[in-house]
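Protein chains: 2
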Amino acid sequence: MRITTLKKSLEEQRLDACLVTNLKNIYYFTGFLDIEGAPLSLLVPLDGAATLFTPPLSYEAAREKAGNCLVEKVSKGVKPFNRISKELADRQFSVVGFDDLPIARYLQLTKDVASTRLSHIPSLVGKLRRVKDEQEIDFMKKAAELTDVGALAGMECVRAGVREYEVAAEIEYAMRRRGSEGAAFETVVASGPRSAHPHGLSTDRVITRGDAVVMDLGAVYHGYRCDITRTVIVGKPSSNQADVLNLLMEAQEDAFTAIREGVEAKAVDRRARTVIAEKGLDRYFIHGLGHGVGLDIHEPPTLSPESEDVLEAGNVVTDEPGIYLPGFGARIEDTVLVHERCGEKLTKARYFEW
Amino acid sequence: MRITTLKKSLEEQRLDACLVTNLKNIYYFTGFLDIEGAPLSLLVPLDGAATLFTPPLSYEAAREKAGNCLVEKVSKGVKPFNRISKELADRQFSVVGFDDLPIARYLQLTKDVASTRLSHIPSLVGKLRRVKDEQEIDFMKKAAELTDVGALAGMECVRAGVREYEVAAEIEYAMRRRGSEGAAFETVVASGPRSAHPHGLSTDRVITRGDAVVMDLGAVYHGYRCDITRTVIVGKPSSNQADVLNLLMEAQEDAFTAIREGVEAKAVDRRARTVIAEKGLDRYFIHGLGHGVGLDIHEPPTLSPESEDVLEAGNVVTDEPGIYLPGFGARIEDTVLVHERCGEKLTKARYFEW
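So the sequences go chain by chain: W and X.
Going letter by letter, the first sequence gives residues 1275 to 1628 in this note's numbering.
Going letter by letter, the second sequence gives residues 1275 to 1628 in this note's numbering.
For the record, the hints were derived by calculation from the structure and aren't laboratory data.
It should be emphasised that the depicted structure is a prediction, and the values quoted were computed from it without experimental measurement.
Note that the list lumps identical chains together, so a pair holds whenever it fits in one copy or between two copies.
Here are the simulated EDC-like pairs of lysine to aspartate or glutamate, each with C-alpha atoms no more than 16 Å apart in a straight line: (1) 1353 with 1580; (2) 1353 with 1582; (3) 1401 with 1573; (4) 1416 with 1478; (5) 1510 with 1627; (6) 1540 with 1586.
Sequences and hints are given; from them, build the entire structure.
And the structure:
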């Protein structure tokens, strides 16, 4: 079905075929997810069956999972990409779209197959992937449940005397033992002055009383990711900390109510930014409001002042305002499914309360 | 120091500059590791200071960590790569080497800066990174200790009735709570018939008596990875299982004794392959003996029949023979530091004993 939709795009764009090498895109079309770096290629011609070319090491697993395409083992000793060059030349394609290519392979292909024009069209697959179908939404809901488990585990174990990475360990363990396939991205546990770094990851810093602790984390289920951030204050929040947290919750909620099909992504961002600007803090909101999530943790559409995206039903996006003052930062985030008339929060873990 | 060495290579190869965009390479030169997908660029000219170009979101963290180069914030609204195009044009470089580029950026740069020739030379940085210095070896030894902790945790919790992903959870938790920055790669816990897949990852399969369970895992410390595999049999091994495990240990050890500076990587592979061939099982050893490890889990040099690499002191490589029969597979693996006259196993976790 997804391959059929891709073929329609090929026809519209007058392409003879699409060469897919991004492993998540290959999984999207075939159901086979290989390990990072595996040199797979899926060739989808406008006419005829799609073929997945695999190295010997991946062949058996690919055959088991990829039922909707031919699977060809590229024999040992043949560089997998020489096989693709030959295929493109043999089939006499004149224009082939591709999703992505490592630079060495791109240079090799353009040299080997002079008669075929290669056209980089990331949107060929990106356009499909940004609208999630029912099965994908089921997987993302399960990923969201596991993500909530991680957020709660983190909130429960944060206290003075614990190291940031120990909190990260508890978060990831709680998700993993319930079936998460790993961390959706490197877990952020950024405490005290480190909370001012939006991408603070986690260190051996010992959390102390009065710290803000930003925890940004996600689970993975059937390859689909989810994303949540909760900020906790250790002990009683200062009035400044409380004000910032309240403001973020208000901004997040205001943006959330704007989410629906047909709305401009930048308008959703503007809602949150306006709430924060009313308190004069918008210059500390140094990133976009959100991003799409799915097989990748960051994918289209983008919610930011510069975005030209328009939300569609089936998009899954984050709603994550943040304020980063010198020495103290905070962010809250949920993952939201876009419907025709509203948004639906997939992550539901409680907020920090005081 | 590392930048100075890079500049020497630039001079030898008559390049005016090197453009570094791989985030691990940027970390290698500057000490600043950004999150996946961050659009950083490090420009190292033959003459003068290196400059790290960062988006606003990464600027403060980059300034804190990257002490040996200029750090320039690319203002909001300017696509980071337009800034690089301008820099290359302004400086009138004629040939610039680069380590890697996302295809869209490569196409943009070649269009924008017609007067500069871009030359893809992954070995410019790769050649440096494959020989680890003292600090890197310290980090890798610490990563190896954490990796051993994970392997032992896995061996302790494998038993009939446990799901594969539960074992993966225990492995990752044990490493993480002692300071590992995450899993070096998606942990493999492949049991029963799944052991026959070299890259089996982990599923919800319930482990049963008589299963072989292949656990392939690694920790991360200061960005440096380590890699270990242990295969366990649940209950008393069958004579076939015992024979295969014994053969793998013999093959691994035989290859290990061949590791030293100056030896051809393919000769080390051949040692293991010969031991396995003597029992007629070499056609089930379907991958190379090993790979380099460092900031990446797979990096040069490669130990395989086709490899043209020669080992150097300071290389860190895996020694991992595997045999994959229909329905039953096994692999054992350690990470080995290459010295002038011998190898040194960095991972030391006990083997499965019966």
